[in-house]
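Those protein sequences? They're chains A, B, C, D, E and F, same order as listed. Residue numbers for the first sequence follow the working numbering, beginning at 7 and rising by one. Residue numbers for the second sequence follow the working numbering, beginning at 7 and rising by one. Residue numbers for the third sequence follow the working numbering, beginning at 7 and rising by one. Residue numbers for the fourth sequence follow the working numbering, beginning at 7 and rising by one. Residue numbers for the fifth sequence follow the working numbering, beginning at 7 and rising by one. Residue numbers for the sixth sequence follow the working numbering, beginning at 7 and rising by one.
Treat the hints with care, as some may be off.
Each pair may be met inside one copy or between any two copies, as identical chains are not told apart.
[Unchecked claim] Keeping only pairs whose Cα atoms sit at most 16 Å apart, straight-line, the calculated EDC-like set for lysine to aspartate or glutamate is:
1) K102 <-> E52
2) K219 <-> E144
3) K64 <-> D86
4) K219 <-> E145
5) K68 <-> E195
6) K110 <-> E145
If you're looking for bench data, these hints aren't it; they were derived computationally from the structure.
Protein chains: 6
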Amino acid sequence: MKRILVVAAHPDDEVLGCGGTIAKLINEGYQVYTLILGEGITSRDEKRNAKKRGREIKELRKQVYTANEIMGVKKVFIYDFPDNRFDTVPFLDIVKIIEKLKNKLKPNIVFTHHEKDLAIDHQIVYRAVITAARPLKEETVKEIYSFEIPSSTEWCYPLRFSPDVFFDISKSIGIKLKAIKKYKTELREFPHPRSLGGIKLNAEYWGMRTGLKYAEAFQAARIIR
Amino acid sequence: MKRILVVAAHPDDEVLGCGGTIAKLINEGYQVYTLILGEGITSRDEKRNAKKRGREIKELRKQVYTANEIMGVKKVFIYDFPDNRFDTVPFLDIVKIIEKLKNKLKPNIVFTHHEKDLAIDHQIVYRAVITAARPLKEETVKEIYSFEIPSSTEWCYPLRFSPDVFFDISKSIGIKLKAIKKYKTELREFPHPRSLGGIKLNAEYWGMRTGLKYAEAFQAARIIR
Amino acid sequence: MKRILVVAAHPDDEVLGCGGTIAKLINEGYQVYTLILGEGITSRDEKRNAKKRGREIKELRKQVYTANEIMGVKKVFIYDFPDNRFDTVPFLDIVKIIEKLKNKLKPNIVFTHHEKDLAIDHQIVYRAVITAARPLKEETVKEIYSFEIPSSTEWCYPLRFSPDVFFDISKSIGIKLKAIKKYKTELREFPHPRSLGGIKLNAEYWGMRTGLKYAEAFQAARIIR
Amino acid sequence: MKRILVVAAHPDDEVLGCGGTIAKLINEGYQVYTLILGEGITSRDEKRNAKKRGREIKELRKQVYTANEIMGVKKVFIYDFPDNRFDTVPFLDIVKIIEKLKNKLKPNIVFTHHEKDLAIDHQIVYRAVITAARPLKEETVKEIYSFEIPSSTEWCYPLRFSPDVFFDISKSIGIKLKAIKKYKTELREFPHPRSLGGIKLNAEYWGMRTGLKYAEAFQAARIIR
Amino acid sequence: MKRILVVAAHPDDEVLGCGGTIAKLINEGYQVYTLILGEGITSRDEKRNAKKRGREIKELRKQVYTANEIMGVKKVFIYDFPDNRFDTVPFLDIVKIIEKLKNKLKPNIVFTHHEKDLAIDHQIVYRAVITAARPLKEETVKEIYSFEIPSSTEWCYPLRFSPDVFFDISKSIGIKLKAIKKYKTELREFPHPRSLGGIKLNAEYWGMRTGLKYAEAFQAARIIR
Amino acid sequence: MKRILVVAAHPDDEVLGCGGTIAKLINEGYQVYTLILGEGITSRDEKRNAKKRGREIKELRKQVYTANEIMGVKKVFIYDFPDNRFDTVPFLDIVKIIEKLKNKLKPNIVFTHHEKDLAIDHQIVYRAVITAARPLKEETVKEIYSFEIPSSTEWCYPLRFSPDVFFDISKSIGIKLKAIKKYKTELREFPHPRSLGGIKLNAEYWGMRTGLKYAEAFQAARIIR
C-alpha cells in the first residue's frame, strides 16, 4: 500500500490532524496527496464575500502549498467551499468531488476528520468521505482514519473522539511544527491548542499515553487487510 | 392492529428493508401502504436535472408499482424529493408530507430507515418519521421499526445499527426476492450486498443468529401496547 | 404466545418492574410464572446470617405469595441466593437455575431486570437471563424485556435505561398497587420512589410520555416474531 | 458568578426548560438574560409566510415578555429565525448571533437545549451554543447546561437525554407555572407533557428521583471551576 | 512485526475468532502462539468436577493441538481455569498468567475476545488482556484486536460488537474450516452459528460487507504504529 | 457546602485523581477527608501475603499520611482490602464501609474513581460509591465526581472517560506535585503517566483544553443544587 489521500475541510487541518504521520509515512515511501475542500477565510464575515476576501484566500493558498511542500506532499487539490458554511452546500456535491479525486488517485489510505467534531464542516467532510469510499470490491481505499483538530474536536461536548490508533511521530514532529509555522495567519498564542506550544503538548500527551515520545491520535473508521 | 405504513427514501428501500416482513404480515391480514419520498434517480448527475432523467424516473416508478404489487401492498404513494439531496429540502416539508399521509391512513405500525445510515436521505427520513408520529394520546402509530438497507446501513462507520427485533421471513423470502427482481436497474452482481445473492445471504445471516431460516432485522424505536 | 416468565432478583421486583403489565396480560389470557432468585433480607447485616433472619425471610415469602396471587400469577418459584451478594455466587449457578426452569415452563416472553441497574444482583440477573435464553432454533423464549426498579435503576449513573417498549396499565394500575401493598416491609414513604405515591407517579410519568393514562416502561432486549 | 444567558429556540422553551431554575437563581442574586432565536409560529403553514402570521407572532412576543418578567429576567432578546426550519438557515448565522450577544453580556452560565432533541431547531441551537462558547482563556462562560423540553426531548428515539445535574425548584415551581400560563397559545391539555399538569408531574418526577419535592433536570455539557 | 499471541478463553475460540486470519498471517511469515485459559468442559455439571470430566478434558486438549497444528501455530499454552466460571477466580490471577507469557514471548499483536460478549469468561479475558498489555514504553504489544465468537458475541443484547478491522481470509477459509472440524465435540448442526455452514456463512457475510469473498471481523482496541 | 470525601481504591489515587482540586478547595474553606480502601501493595505477589508485605504496607501508609497532610486533608481513613483483588471481596462489604463513613462525616461532595477504568478495583469503588450515596431526601452528598488515574483510566479501551467538569488547579499544582512526591515507591520515570513530569503534562493538557494554566478533569456523576 503506497498512496495516501488526506481529506481536510480547511487549510491547516491536514497539518494539525496528521502532519507528523504523513511526514513519517512519506519518509517510509508513501505518496501523499492532500485535498482541501474549503477556502478557510470567509466565515469571518457575517455575509460571505469571497471577492472581498480574495487576497486573503490567495495568501492562505500560498501557505497551503508551502506547508505541504515541507511535509513532502506530492500534490495539493484545493476547492473553495464556503468556510464554516458547508451545510449550505448540497452534501452530494462534496461527496462527488471526493469520489472523483479518489477514483483518479486510487489511494489506499485516507486520513480525514472525525464524525463528532465541533466544526460543522469537519462533520460533513467525515460523512462525505465514508460515503465516497464504500468498501466495494473494486474500492482501493483500505484504511480510513479520523484525526482530531486541536481547538475543535476537543470542544465538542459530549466528547466522542476516542482514539484507538496512534502513530509515532517522534522523528517527524519537527517537520509538523515547521509546516504549521507556515500557516502564520492560523496560529495562535499558547496556551491556545492551535499554537506551536499547544501542538507540541498535544503530541507529548498522546505519546505519554502510548509509550512514545510524540504521537498523533486517530480513530479507525475501517481497516481492511 | 391492522394497518402498516412503510416510509422509504428511495424506490427499492421498501423491499430491501422489510419486503419479507410485509409480505408475511399481509398474509396474516395486515393492510400495507408504501410511501416513497424520493425519485431515486437524479443523484447520478452533478447538477440535478429531473427533466433529463424523466424517462428513467418514470421507468423506476413502474418498477415500484410492480414490486409492491407482488408483495401485496395496497397502495403506493410516491413523491419526488431529489435523490440523495434531501438535505437541500427544508426538513419540515418532509415531516409534513409524512404527517398528512399518516393522518389519512391511520397506520398502527411504521417501518422506516435507521437513524444512523450512510445515506443522508435515510437519516433524514428516520428523523422525519419520529417527528411526524409523536406518541400523543390520539396517535394511531403504536410501533415504529427501523430497517437496514444493504449497501448503506452497514457502511456507516462507526456501526450503530443494533437490531433487537427480528421477523421470521422463511415463508416470504421468495416474495421478497421476486419483488426485488423487478428493480432491475437497482440490482447489482453478487457479492454486492444489493444483489439477489447478497439479499439472501443477509436473510440467512440474521436467521442463523435468531434460530430461524431467514429473517429480517430491525431496531425498535418505540412500541406501545 | 401464551406463557410468561418473570425473572426477578428480589421479592417485590416482579411487582415494581412489571406488575401492571402482567396483570394486564393475565387478563388477556397469558399464564404468568414468577421466579425470584434471592431471599431479599440478609443484606441488612454486615455478615450474612440467613438463620438469624429466618423469620423475616419466611415473612417476606408470605408477602411474595400474596402479592403474586393478587396479580393472578400461576406459580412462584423462590430461591435463596444471598441478598445483594449475588456476586459471591458463581454466575453459572444462577444461569443454570433459570435455564432449568425455563426449559420446564417453556415461556414465550421473559420480563427481567435491566443490564445497567444500580443493584449488582439486578445486573447479574439480566446477564444470566440472556445467557440462559439464547435464540437457538429450539428456544421458546421469543421476547425479552428489561424493566426498571424504582429506587435502583434510576440511581445508576450514568443513566442508561432507555425504554422503547411501553405497556398501557391504565386498567391494571389498581392491581399493581394492591399487590405492592402486600410488601409492607419493603414500601417506603413518598417521595421515596418505592412508595405507593412514587409508583403511581412513575406510571403517570411514562403514561404522559406515551399518550396513556398509566404505563410501565421497558427496554427490549430481543423480539422474534 | 452572576450572569446567566438562556438560549432557546422558541418562545416558551426558556420556561419549559429552566423556568424554575432561573427563578430560583434570580432570587439568589443572579442576573438572567433570555435569547429566543425563532419566531415560533410559522411552521404551522406548509409554506412559511411570516407576514400572514404577523399578528400571531406579535401576540406570542407579548407572551414572551410577560412570562420572562414574571420570572424576573432582566432582558429578552428575540430573533425571527423561521420556526422549525432552522436547517434552512446557514448554521454560522445562528452561531454569530449567539456569539455577539454572549460577547456583550459576558454571561458565566448558559442554559440551552439538548443535543439529542426531537426538534431540529433545538439540536441546531445546542450545537450553535457550544460552537459560540468555546473554552478559550478569555471566555466568560464557565458552565453550560442542556435542558429538556417536554413533548420534544422525550420523544426523540433512541432516548439520549441523560441528566446529571438537578436544580431544586421546590420554592420556584409556582413562578414557573405562573410564567408558562402566560403562553396561552402554547399550552395543551393534560396529559400532554406541555400542559400545566404535565409540567408539574415532570418536576415531581425528577424531584422524586433526587430526594427533592420539585426539580428540573439538566445534562452538563461543561463546567469549569 | 512478526509475533502474534492469541488469547482465548476456551478451546476452539482461537479458531472461531481468528482462525482464518492467523492462517493467513502465518503464511505471510508471522509466528503465532495460542494461549487457552480454560479447560472448556466442566460447565456441563452443576458442581464443577474436573476429575470426573478428566477424560473429556484430555480429549479436548488433543483437539486443541491438532487444530492449532493445522493452522500452523507454533506453540499452544493451555491452562485449566474452570469453564464458564472465570468469575470465581481472582481476576488478577488471570492477568498474571497472560502477563508472564506475554513477557516471555514478546508478541507484537494480540488477538483476543470482545469486551461485550455473552460469555462471562470472554469478557474477563478481554479485560485481563488490556490490563496485562498496557502501552508502556517497553511494551512489545502494538496491536490488540477483539474477535467475535459465533453463538456468543452476537447473542449479547444490546449488541455492541462493532467491527472496524477486517482481514481477508478468502485464501485461508479452507484451513479455518479444516481446523474447526477437529473440534468434533464442539461443532453443532447448521443453522447453529457454531457449525461448519454457520462459520462459512459468517465469513461470507463479512466478506460481502467489505468487498471480499470471505472475511473475519475485528474491533480494534489499540494500534500503535 | 463544606465537607468533601475522597474515596480512593489505593494510596496515591487521591492525589493523582484530585490532589490539586482538594488543595484548592481546602484553601477555599472546605474540610476534606480521604478514604483509601485497599492496602496497595500485595498485588505484586502471585498469592497474596499481607504479612510478608507488612513492612511495605506500613511504609506506604506513612506516605499516605504525609501526602494528605501536605494537601491539608483533615483525616485519612485506611482499609486493607486486597490490592487489585477487590473482586474477591463481596461487593456489599465495600459499600457498607463507604456508607458508614459517609453517614458519620456527612460530606456534601464526593470525589471518586471513574466507572470505566482499567483497574478492576477502581471500577468497583465507583459502583460502591454510587450505591452507598443514593439521592434520597436525607442524603447529604449532593455532588459526585469521577476522576481519572493516569496510567489506568486512559489505558481502558475503548476509552470512556469523557470529562465535563474541570477544576482550575493553577495555584495548587505545586501542592499536588509536592504531595505526590511523598509516594516515592509509586512514582515512575517520565514519560510514564505516573511520573512528576507526566502528572504536570496531564494538568497542562486539560488546562490547554479549557483555557486554564493547569486543570484536573472530572466526569460528573450527579450534581444536585
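Hint-by-hint comparison with the structure:
Within a single copy, K102 and E52 get their C-alpha atoms only as close as 28 Å, which misses the 16 Å cut-off; across copies the closest is 7 Å, which meets it. Taking identical chains as interchangeable, the C-alpha atoms of K219 and E144 lie at most 16 Å apart only when they sit on different chains, with a minimum of 12 Å there against 38 Å within one chain. Proximity of K64 and D86 under a CA criterion of 16 Å is satisfied intra-copy only: 11 Å inside one chain copy versus 36 Å between copies. For a Cα distance limit of 16 Å, the shortest separation of K219 from E145 across copies, 14 Å, qualifies, whereas the shortest one inside one copy, 35 Å, does not.
In the homo-oligomer, the alpha carbons of K68 and E195 never lie at most 16 Å apart, since the shortest distance is 22 Å inside one protomer and 43 Å across protomers. For a Cα distance limit of 16 Å, the shortest separation of K110 from E145 inside one copy, 12 Å, qualifies, whereas the shortest one across copies, 40 Å, does not.
Violated hints amount to a single one, hint 5; each of the other numbered hints is respected by the structure.
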